[in-house]
Amino acid sequence: MIELGESASFETVALLHLDAAYNLARWLMRDSSAAEDVVQEAMLRALKYFSTFKGTNARAWILQIVRNVAYKNLRSTQEIKTVSIDSEPDENAESIPPEALIDPSDDPIATLIKQRERGYLTALLNRLPTDLRECLVLRELEDLSYNEIAEIANIPLGTVMSRLWRARRLLIEAVQQEAR
Amino acid sequence: MNATNQCAEMELLIQADIDGELRAAEAVSITAHRATCAHCEQTYRQLMDLKQSLRNELERHTASADFRALLQRKIAAETKAATPVKSNPVIKLPNKANTWYKRSISTFGAGAALAAGLAFFIVSPAQEPLLDAVVAEHIRSLQPGHLLDVESNDQHNVKPWFDGRLDFAPPVRNFSAQGFPLAGGRLDYLNGREVAALVYLRGKHSINLFVWPEAAEKSTLSASEFQVRNGYNSYRWHQSGMAMWIVSDLNQSELSDFVKLWDSTKL
Ligand SMILES: [Zn+2]
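One line per chain: the protein sequences are A and B, in this order.
Everything in the first sequence is counted per our numbering, starting at 1 for the first residue and increasing by one.
Everything in the second sequence is counted per our numbering, starting at 1 for the first residue and increasing by one.
Note that these hints are calculated values from the structure, not bench results.
Here the structure is a predicted model, which means the values were calculated and not measured.
By construction, the Cβ of each residue, glycine as well, lies at the ideal position given by its N, Cα and C atoms.
Hints are all accurate, no fakes.
List time: in silico DSS-like cross-link candidates among lysine-lysine, alpha-carbon distance up to 30 Å:
| # | chain 1 | residue 1 | chain 2 | residue 2 |
| --- | --- | --- | --- | --- |
| 1 | A | K54 | A | K72 |
| 2 | B | K51 | A | K114 |
| 3 | B | K204 | B | K51 |
| 4 | B | K204 | A | K54 |
| 5 | B | K204 | B | K159 |
| 6 | A | K72 | B | K80 |
| 7 | B | K74 | A | K54 |
| 8 | B | K80 | A | K54 |
| 9 | B | K74 | A | K48 |
| 10 | B | K74 | A | K72 |
| 11 | B | K260 | B | K204 |
| 12 | A | K48 | B | K80 |
| 13 | B | K204 | B | K266 |
Listed next, with one range per pair, are the computed distances between beta-carbon atoms:
| # | chain 1 | residue 1 | chain 2 | residue 2 | range |
| --- | --- | --- | --- | --- | --- |
| 14 | B | S264 | A | L15 | 49 to 55 Å |
| 15 | B | S29 | A | R30 | 37 to 43 Å |
| 16 | A | D107 | B | L12 | 21 to 27 Å |
Looking at chain A on its own, in the form it has when it is part of the complex:
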């Protein structure tokens, strides 16, 4: 996976996986400057523990730290929101699909998505609960295996599969029910 010879400095490893780290943070935080904060904190944390890192899958290791920092930050901002009057959608609530009374469309999913405005799928993904969105982003955008996702998210393989399944079902149902 990494072809750098015998050993590499932290700087090399960090910069090699910076885009993967930023992409995950950006999808988890849904905000670019919050994502940069997460990546910066994660990378400095990783640097601190790099000398104890004995593995070879540096990308998974860095993504694991990124997701932990992201969840920590999400939790702290949520605490602030619960005391404010702001009514942000609850991270844990599965906000899609709303119990719609219309019949779901039978057209192919790809066709239904193409009929929508640009950014429709991004908006849908952003409405998913964080843990489901995380698995889908790691699978479809970072091309990681179930095993790698299990390691990064610190969950059993079966949970990876069921989260991916729920994420996909929710998206498919939302696309069908919101079809015009």
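The hints should help you fit chain B with the ligand onto chain A, whose structure is shown.
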């Protein structure tokens, strides 16, 4: 089993198929089922459609040049400040030889480093000492020279080797024809007793099967299910008075095949 139950069980396999997590033989059986089942065919189409759409339309965000430069400066500054005498910390990256076992160990290394550094915001799974011990023995066995005491793909060599070394006769089978060749065996120590460890190969993965006698009724083994520890999959079951426990970095679906092979073997 009726068709509905079968299809419900099929869902995660169909998903694993579109994610490329199945090997060819299983993918073929999924395709065969889809040909006769409209429900599963539709599930497959929907998942495939969604996958294509996600990949076409979602943005893979990249770090801006400014942020990249900023981070580079911060890392350089931190590295200087933290280690004025020593050189930069380095990691070993895989060299060509022996990569397969180093890869297996890597997941453990990452977990250990995180446990040390990030324990305060990681929720660790419920502890189970025997599972920890089994996984630790598996990892230890992957170190050079530790995997096998007797190296043979012939069950008729491996089985007698255990005679006189153990107070029981472990079942030894070779599943070469089914894609799980026997590599050999070794004595190991688990759960306060000597046990047989049989080693099977699957591509670049190795599977440790730990066996010891245990009456089913006083079995300490909980219900058969996959458990994951440090990135390793583990599964245990009970068969003909033996506790059987496998550990591997191989994926669960191929390990299930391995378990089924044992299940259909009369001991
Ligand atoms: Zn079916």
